[in-house]
Structure formats: C-alpha cells, structure tokens
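Going down the list, the sequences are from chains A and B.
Once you know that position 298 of the first sequence is 303 in our numbering, the rest is easy, because the numbers rise by one and skip nothing.
Once you know that position 255 of the second sequence is 260 in our numbering, the rest is easy, because the numbers rise by one and skip nothing.
Everything labelled a hint here was simulated from the structure, so no lab data went into it.
Be aware that one or more of the hints could be misleading.
Note that identical chains are pooled: a pair holds if it fits in a single copy or bridges any two copies.
Computed list of lysine-lysine pairs in DSS-like fashion (alpha-carbon distance at most 25 Å, straight line) [to be verified]:
hint: 1; residue 1: Lys55; residue 2: Lys329
hint: 2; residue 1: Lys223; residue 2: Lys329
hint: 3; residue 1: Lys146; residue 2: Lys181
hint: 4; residue 1: Lys19; residue 2: Lys192
hint: 5; residue 1: Lys193; residue 2: Lys146
hint: 6; residue 1: Lys209; residue 2: Lys219
hint: 7; residue 1: Lys42; residue 2: Lys192
hint: 8; residue 1: Lys216; residue 2: Lys293
hint: 9; residue 1: Lys193; residue 2: Lys152
hint: 10; residue 1: Lys181; residue 2: Lys219
There are 2 protein chains.
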Amino acid sequence: MSMNADIWKDLIIKNNSKIVFLIMDGLGGLPMPGGDKTELETARTPNLDKFAAEGISGLLDPVYPGFTPGSGPAHLALFGYEPVDFNIGRGVLSALGVDFELTGRDVAARLNFCTIDQDGKVTDRRAGRISTDKNKELCEKIRRNVKLSGEVEYFLETESEHRAVLVLRGDGLGGKINDTDPQETGKKPFDPEGEDDASRNAAKYVADFLKQVKELLKNDHPANFILARGFAKHEQFPSMEKRYGLRSVAIAQYPMYRGLARLVGMTVPPVPADFDEMWNQLKNNYDKYDFFFVHFKKTDSYGEDGNFDAKVKMIETVDGWSAKLRELNPDVLVVTGDHSTPALLKTHSWHPVPALLWSKKMYARTDSVTEFGESACRRGNLGRMPMKNILLIAMANAERFKKFGA
Amino acid sequence: MSMNADIWKDLIIKNNSKIVFLIMDGLGGLPMPGGDKTELETARTPNLDKFAAEGISGLLDPVYPGFTPGSGPAHLALFGYEPVDFNIGRGVLSALGVDFELTGRDVAARLNFCTIDQDGKVTDRRAGRISTDKNKELCEKIRRNVKLSGEVEYFLETESEHRAVLVLRGDGLGGKINDTDPQETGKKPFDPEGEDDASRNAAKYVADFLKQVKELLKNDHPANFILARGFAKHEQFPSMEKRYGLRSVAIAQYPMYRGLARLVGMTVPPVPADFDEMWNQLKNNYDKYDFFFVHFKKTDSYGEDGNFDAKVKMIETVDGWSAKLRELNPDVLVVTGDHSTPALLKTHSWHPVPALLWSKKMYARTDSVTEFGESACRRGNLGRMPMKNILLIAMANAERFKKFGA
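The following block holds chain A by itself, in its conformation from the complex (with noise of 0.2 Å):
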C-alpha cells in the first residue's frame, strides 16, 4: 500500500494540541575506529534521556533501507510527504538552497562554472573549484551584460566556490530540459533541449543565454563558462495545513531548510540570529500555530567536516536547549535527525535515525529505552520504520485523528 493524504484527509481533526519537532541535521552517526559509541551515545544527554525514558523510542529510515538521502527528500519524510513521490528537482533545490523566493512560473538550474578550451571542449568541469568571491563577480559580471529577449527574466545567484543557481522566470516555461553538463572533460557541452512545447521554450532561453556567457566570458581563466543540471520547474507542494490541518512554523537559520518548509506551505519567520532567538521565536509563535519544525544545522555539518568531538558538543548544546521545551508543555515532542552525518564517513550515509516521540499525556505507550542513542532507540517501542510515519504517529498522539472504518 502507498499511504497518501487521501487515506486520512477524512479523518483529521482540528484541535488546540501543539507538536514540537526538534530536528538536529545529520543526527545519526557511528563509532570512531577505536570506540563503540555514536556521537549521540558519547553526548551528554541528560534532557533528551529523560524526554526517551518518559517516552517512546526507534530508528526511522529517511527513504528506504540503505538508501542515503539528500537534505530534499530527508526533510520531506520528516513532514511525511512520501520522498519518491514527491522529488524536488536538483535546480529548485539549490534554489532554495540560496534562500531564493521561488513563484509557479520558474524554472531553475543548478549551475557549474568551468574552464573550456579554443575547442569549446570542457578541461574542468569546475574551473579549478574558484573562491565564492570570484563567483559573485562572475556572477554581477554576466548580471550587468547579459540580457534576454522576450518576457523572460533571469536571476543568477552565487552558491559557493564554481556553484550557482540560475533561474528563468516567464509564462509557458517548461523544466524538461537535458543536463547541458557532459559530466566529464574533453567533450563540449551539450546543447539545451526541451522535451515538450513549454519546455522548447525555455530551452531557447537557456541556449541564449549560454551564448552570451560564452562570449562574455572567453578571456576569462579559469572560470571561461557555465554547466547547467538539473533544470526544473518549481511547484508548491500541497501544504501541511491542507494535508494535515497543521498550522505549521519553520524556526531554523539556513537557507535551503527554510526554502524545504516554504515548498510544504510552512510560515518562516526572519532568520533567527542564534539559539536564543530560535527560543524566543519559538515562544512567541506557540499561540498561532499546531505545529512547530525547529532545526539545528550543525550537528550535520560537524559530521561533514569529520569533527566527532564537535558534533559531540553540539548535540550537547541542542539537549541544553531542549530542556526549556518543559516551560511549553508541548501535547507531542519529537526529536530526531533528518539523517545520518557520522563524522567517521564525513558525509551523509544510509543509516536509520534515532528518534524519541514524547506526549504529554503519556499516551506514547512507554517502553523500557531510558536514554537517547542509536543502540537504545533500537529497542524502543517505535522500532524501525520509515520516517514518513512519525508525523502521524505524532498527530495520532495529538488526537488529531478519527478512527479509520467503523
């Protein structure tokens, strides 16, 4: 069975129950050669142990066993839209990525600065990998000369190092159109096509606009021309309010998690300075809104870098956080990882998350986990499932549901 929104829109109720999910980026992690315990299981976690104990305890899979999400569908699991189901495309996401605004009538690419020689064939699909400061000059170069004909207009945006975004923005733009990227060097750059009439369309625009980065660009070194992958058109997704009847909130301080809360309808107050702001705004949203997403980017990123021991501190931090959750009183606590970041593999990975579901009314059916780590979350009454699920178990543990048949 594919669960969908169609199974349940009938059987949700609207109450005044609040849900908290306290998400930590890349939680997951994994012993270092030598060790026998996580990063979660190494922190210091005596507020999130006690949250565990008085509640209920698993490992959730992002997208499917084995499998290693990107932030896009990981985020989107959280929120329990179905991640195959609903792909975002590699250029909205990069989109979102940078904190651009996108409406119904764009089309956007992930864009590569590279370096191609007097035969127009790619030598490096990444001009040498050039600062991000090189890029933004690039990109403010190409902004003041280069323009499109027609109703279209364009947005360039710098990512970081050869990274950026392009957007096209229009009537009758299609996002089916072919990577221009060869994805290896000695080869030219493939020519933009569209796949169907609006997406024809949008192809001449991209040629045009490659044509004349080209010529702006032919006495420039490294950096001498763009790839484009990825292309897409943005759609917003069905929002949490008219799948779930969540009011829903996004208190987080990047970029591209508060474009992923946008894409599912959420309100994204300004960004938050630090964690005290993340409190506060959290606070004086908790009247208007059902429920609140509040996400710590960190964790992730230390795990990206290898740094155990500053993961280690960061989840320290966040369970400090967390403490003052008890003046809220949420109906329903979730805390949990989009994925896994083990700083031992520097990267994403395909481990199952640990997660903890806490309500306040103590309907979560305790089980015996006392504290908050991959191994304990493994015996707890959740067990393993896909992470789509924790948002109606959440729900469910909110009353926000009737009974399914009679």
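Position chain B against the provided structure of chain A, taking the given hints into account.
Just chain B now, kept in the frame of chain A:
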C-alpha cells in the same frame, strides 16, 4: 510494493495443518496514570506467557502506524486482507453488526432516528437517544405500515438506542447514494440522490421509504424521522479458501465479528452461549477446517468502559481458556488482538497490538521473550510490522507455502 494474493496464489500448499487465531478484541492497552503496566502486562497469564516463551512475539499495526482502526479494517488485516483496499461500507458493517445475512442484491445504510421541527429541520440528530425498546417499537410500526412499490423489498433492524439499519433488496440496485444526514441541527435532511443509474434507481426507493416514514411518524416525539448514511452495496470479498486455500471457521459470540467472518467466506456455526461452548465448537470442528478464528469480545468492551481491572480479569479468563489448546496441539497458534482499546482512552486507539506466534514444530525461531505483554513483545523476533503479515507468517510456519522464485 502492495502485497496481494496474486503474488502468493501459485505458492500455496494444502496440507493437514491447523492454524488457530485466538483474538482478544481491543487487546492492546496503556498504563493508567501512575502505573507503568498495561492491562495485558498487569494480567497474570501463565499459559500465554508459556506460548510466548516457546514462540515469537511482536507488535502489529492494524492499518498503518498512527491510524486508529475500526473493527472492520482491523479484522480484515488479521485475515491478511489489505484493509485500505478492502473497504467495507458503513451500512454493510452495520448490517453485519446486527447479524443480518446480506446477499449480493442488497444495499445497506446506517439509520438514526432523529427529531425534526415543523419546517422539517433537524433539531436533534439522535432523537434524544431514545431507548432500544422504543427503537424496536418504531421499527415494528414502520415495517407494518411502510410498503415499497415494485420489486424491491426492505428490511429494517434495530441496532441500539437511536441507531438502526436499513437494507434494500432487489435487482439492479446501486449503493452510491449520498448521506441524508446533514450532520448538524437547524438544517433539513438532504434528499437521497444516486451517482449512477443503479444508485439512482435505489435512491428512488429510499426517497419513497423516507416520505412514508415522515408521514407515519409525524405525531411521534421525539423520534419523528430518520437520517441515513453510509449507503453501500454489499459485495462478498474473495474467500479465505480462495486466497489462501484455508477452509475457515469462525467461533465468535458477537454479530459484527460473525458477519466479518462471513464476509471472507468463513463457516459460522450458531452463536456459542459461553466460553465452554466456544471450546466445544472449536473441538467439534477441528477435523473439518484448516483455520480457526476464535474471537473474545469483552476485552474491548471493558476497555471502552474504561474498566482497567475488568479488562485485566477478562484477559486472565482467556488465558485460562487457552491452556486447553495444548490438547488440540495446533500446528500454529497466533494470539493477538484486532486493535488496541486502552481503558485509559475508553476507545479504540492507534497503538500497535501485542502478538505471539507459536509453532508446534518450533519452526518460529524462538526469541528471548518469556511473557506476553506490549513492551516484551517489542523485543521479540516478529518485530513491529503490519498486521496483515501475520496470517502469511502463520501459513509459512504451517508449511503451507512453496518457495517464491527459483
């Protein structure tokens, strides 16, 4: 993947093995405030504990994690039917609930006696919850006075209080008819309208029936009209014998469960007067069938009453009863519930249901669980899984499946 009978139909082996499902309705529970044990964990269950110690245990999700199932979908899951695909119309379930034997020519609906004012607007959707006796009296009055023209018969059966069941029987009747219940007071009931030709045909008879009832009851009070909802055409599901090669018998005291068993083609002997007669029915039918559905209701009823202690006692009674199963020595015994009904919540709930599977030949790969209870089950080898799997696992342990693929 959606698992269905097409996948296993060529794998079925018929043999002389016996599979017993001992079902305690609403078995799963929660600790009461201040306690730390559920009803099942509180009950003294030496016999079930022994089966658990010798077999494997787990937690089953009737429909989907977070979903609270009605009795219909929950039992279909126990019988291995995907409960979202095999949807039972509410009218049909109500008819099953009053032990009405439906045929393939029947359309059923759930009725409420209600109160309307002089303008025909509903002032009480439940007519002050009239007594069951009053309901019976009104049904008798209607049966005597209301006649349908043409080739269509109707049956009217009291359920309880203000609730009754209407069945139309005839050729070419469809069940796609809107609810006439406006769901709020101050509004007139809706007219019945059919979605397709067959349903329009049936709606015509419903309209005639309602018109006559309105005239007949105009001087009654408070019940002076009826509201109808959940119209559904009765359709027989593929039988247990067809799907699994299992000749199946249901030993159950309550109409709803007898009806559900009939819906999947089980033989249903006369209502057993008590638990001893349930035992005799099991024993006397033992040679004639392969699959035995034995249903105890009161665990659920006491849960619905919020009577923790009575539910505990009822579980202990069933535990005593289960000791006799050693005499029959079935090939496979499954003990579980159809859903959870914690006394704390006084209603069905979303919590997964404790289950044990015991195999005579000890093929079940026993685990470390030595007691039958929610938290212990979680640590068992069945893990946490959809309830619809349990029948297939039981069949495997009864050596009733060939290898899938070479």
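These are the hints, each one checked on the structure:
1. Lys55 / Lys329: within (13 Å within a copy, 44 Å between copies)
2. Lys223 / Lys329: Cα proximity of Lys223 and Lys329: none, with 57 Å in one copy and 62 Å across.
3. Lys146 / Lys181: Close neither inside one copy (28 Å) nor across copies (65 Å); limit 25 Å.
4. Lys19 / Lys192: Classified as between: cross-chain Cα gap 23 Å, same-chain 58 Å, threshold 25 Å.
5. Lys193 / Lys146: within (24 Å within a copy, 69 Å between copies)
6. Lys209 / Lys219: within (15 Å within a copy, 69 Å between copies)
7. Lys42 / Lys192: neither (47 Å within a copy, 64 Å between copies)
8. Lys216 / Lys293: neither (50 Å within a copy, 48 Å between copies)
9. Lys193 / Lys152: within (24 Å within a copy, 64 Å between copies)
10. Lys181 / Lys219: Close inside one copy (23 Å), not across copies (61 Å); limit 25 Å.
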